[in-house]
Amino acid sequence: MGATIVTTKDLMEFKLELLEDIKTLLEHNSGTANKKWLRSKEVRKLLGISPGTLQNLRVNGTLPFTRIGGVLYYEQGEIQEVLEQNKVHNRI
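78 is the number that the numbering used here gives to position 86 of the sequence shown; each next residue is one higher, with no gaps.
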């Protein structure tokens, strides 16, 4: 098996490709990452839950929300807090 020589030009091309990939990932994931308020659909997608489960979380007071007209909004920070508060630590 022969040796491969990596040049400075190769490293610069790799760097540019890597930066472009990171930029693409950040743009793709920034939809909910930087928003303070999320709508029901976004929360369901974020948590991977059904509309009925989200309704149960609202009804039993687990997940705080704000209603403006007929639209429900959830604060992303409060969703993170609920997740942290309900974290289970298994002791094996």
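In case anyone wonders, no lab produced these hints; they're calculated from the structure.
Note that the structure is a prediction, hence the values are computed from the model and not measured.
Honestly, I wouldn't trust all of these hints.
Listed below are the simulated SDA-like cross-link pairs for lysine to any residue, each with C-alpha atoms no more than 20 Å apart in a straight line [as the list claims (entries may be wrong)]: (1) Lys37 x Lys1; (2) Lys27 x Lys79; (3) Lys33 x Glu12; (4) Lys27 x Leu39; (5) Lys27 x Leu11; (6) Lys79 x Thr45; (7) Lys37 x Glu12; (8) Lys79 x Thr54; (9) Lys27 x Gly69; (10) Lys33 x Thr16; (11) Lys37 x Gly69; (12) Lys33 x Leu64; (13) Lys28 x Ile84; (14) Lys79 x Leu46; (15) Lys1 x Leu18; (16) Lys33 x Glu9; (17) Lys37 x Gly(-6); (18) Lys33 x Leu49; (19) Lys27 x Thr16; (20) Lys28 x Thr0; (21) Lys7 x Leu18; (22) Lys27 x Phe57; (23) Lys27 x Arg59; (24) Lys33 x Lys1.
Against the structure, the hints come out as follows:
1. The straight-line distance between the Cα atoms of Lys37 and Lys1 is roughly 42 Å, outside the 20 Å bound, and the hint therefore fails.
2. Of the pairs offered as hints, the one joining Lys27 and Lys79 is violated, with about 23 Å between alpha carbons and a cut-off of 20 Å exceeded.
3. Between the alpha carbons of Lys33 and Glu12 the distance comes to roughly 29 Å, so the proposed pair goes past 20 Å and is violated.
4. Restraint check: the Cα-Cα separation between Lys27 and Leu39 comes to about 15 Å, which is no more than 20 Å; the hinted pair holds.
5. Between Lys27 and Leu11 the CA atoms are separated by roughly 24 Å; this puts the pair beyond 20 Å, and the hint is violated.
6. For the proposed pair Lys79 and Thr45, the alpha carbon gap of about 18 Å is at most 20 Å, so the pair holds.
7. For the given pair, Lys37 sits about 26 Å from Glu12 by alpha-carbon distance, which is inconsistent with the 20 Å threshold.
8. Among the hinted pairs, Lys79 with Thr54 is consistent with the structure: their alpha-carbon atoms are about 13 Å apart, no more than 20 Å.
9. Using a Cα cut-off of 20 Å, the hinted pair Lys27 and Gly69 holds, with the two alpha carbons roughly 10 Å apart.
10. For the hint pairing Lys33 with Thr16, the CA-to-CA distance comes to about 23 Å; that exceeds 20 Å, so the pair is violated.
11. Note on Lys37 and Gly69: the hinted pairing holds, with a Cα-Cα distance of about 16 Å set against a maximum of 20 Å.
12. A threshold of 20 Å between alpha carbons decides the hint, and for Lys33 with Leu64 the separation of about 10 Å falls inside it, so the pair holds.
13. For the proposed pair Lys28 and Ile84, the alpha carbon gap of about 37 Å is over 20 Å, so the pair is violated.
14. Between Lys79 and Leu46, the direct Cα distance comes to roughly 18 Å. Compliance with the 20 Å bound is thereby established for this hinted pair.
15. A distance of roughly 26 Å separates the Cα atoms of Lys1 and Leu18; the hinted pair therefore is violated under the 20 Å criterion.
16. Among the hinted pairs, Lys33 with Glu9 is inconsistent with the structure: their alpha-carbon atoms are about 33 Å apart, more than 20 Å.
17. Under the criterion of a C-alpha separation no larger than 20 Å, the hint pairing Lys37 with Gly(-6) is inconsistent with the structure, at around 49 Å.
18. Under the criterion of a C-alpha separation no larger than 20 Å, the hint pairing Lys33 with Leu49 is consistent with the structure, at around 14 Å.
19. Only pairs whose Cα atoms come within 20 Å are accepted, and Lys27 paired with Thr16 is accepted, the gap being roughly 18 Å.
20. Restraint check for Lys28 and Thr0: the C-alpha separation of about 43 Å exceeds 20 Å, so the hint is violated.
21. For the given pair, Lys7 sits about 16 Å from Leu18 by alpha-carbon distance, which is consistent with the 20 Å threshold.
22. Using a Cα cut-off of 20 Å, the hinted pair Lys27 and Phe57 holds, with the two alpha carbons roughly 15 Å apart.
23. With a C-alpha separation of about 17 Å, the suggested pairing of Lys27 with Arg59 holds against the 20 Å cut-off.
24. A C-alpha spacing of about 46 Å is found between Lys33 and Lys1, which places the hinted pair above 20 Å, so the restraint is violated.
Hints 1, 2, 3, 5, 7, 10, 13, 15, 16, 17, 20 and 24 from the earlier list are contradicted by this structure; the remaining hints agree with it.
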